[in-house]
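> Sequence:
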Amino acid sequence: MLTSILIALGVALVISAIIMFSIRSKLKSVKTQRTACNYERAGSFGLNKQKDLFLFRNIVRIPLPKVRR
16 MLTSILIALG
26 VALVISAIIM
36 FSIRSKLKSV
46 KTQRTACNYE
56 RAGSFGLNKQ
66 KDLFLFRNIV
76 RIPLPKVRR
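Note that this note's numbering has the sequence shown beginning at 16, numbered continuously upward.
Read the hints as simulated data drawn from the structure, not as lab findings.
Hints may be right or wrong, so weigh each one.
Said to hold, decoys possible - Computed beta-carbon distance windows for the label pairs:
1) Phe60 to Ser40: 27 to 37 Å
2) Ala23 to Phe69: 49 to 59 Å
3) Ile74 to Thr50: 50 to 60 Å
To be verified - Below, in silico cross-link-like pairs of lysine to any residue (SDA-like), each with a Cα-Cα straight-line distance of 25 Å or less:
4) Lys41 to Asn53
5) Lys66 to Thr50
6) Lys46 to Ile34
7) Lys41 to Leu28
8) Lys66 to Val82
9) Lys41 to Val26
10) Lys66 to Tyr54
11) Lys46 to Phe36
For clarity, every value in this text was computed on a predicted model and none was experimentally measured.
Note that beta-carbon positions come from the ideal geometry of N, C-alpha and C, so glycine has one too.
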């Protein structure tokens, strides 16, 4: 009984590993780059001002419970 459970778990592990590596291999279509120069299209990004503009400011403060020892 125990050996049949271990065999079933082993087979399931092998099948899931094959599926996982198959899906993972499809995700590596490009190499990681240090800069974004290779990712953006030429002329598609124009920066006019060096300024951050936040439209909303939402601050939520939740007091932490004090821990008694």
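> Any of the earlier hints contradicted here, and which numbers?
3 and 8
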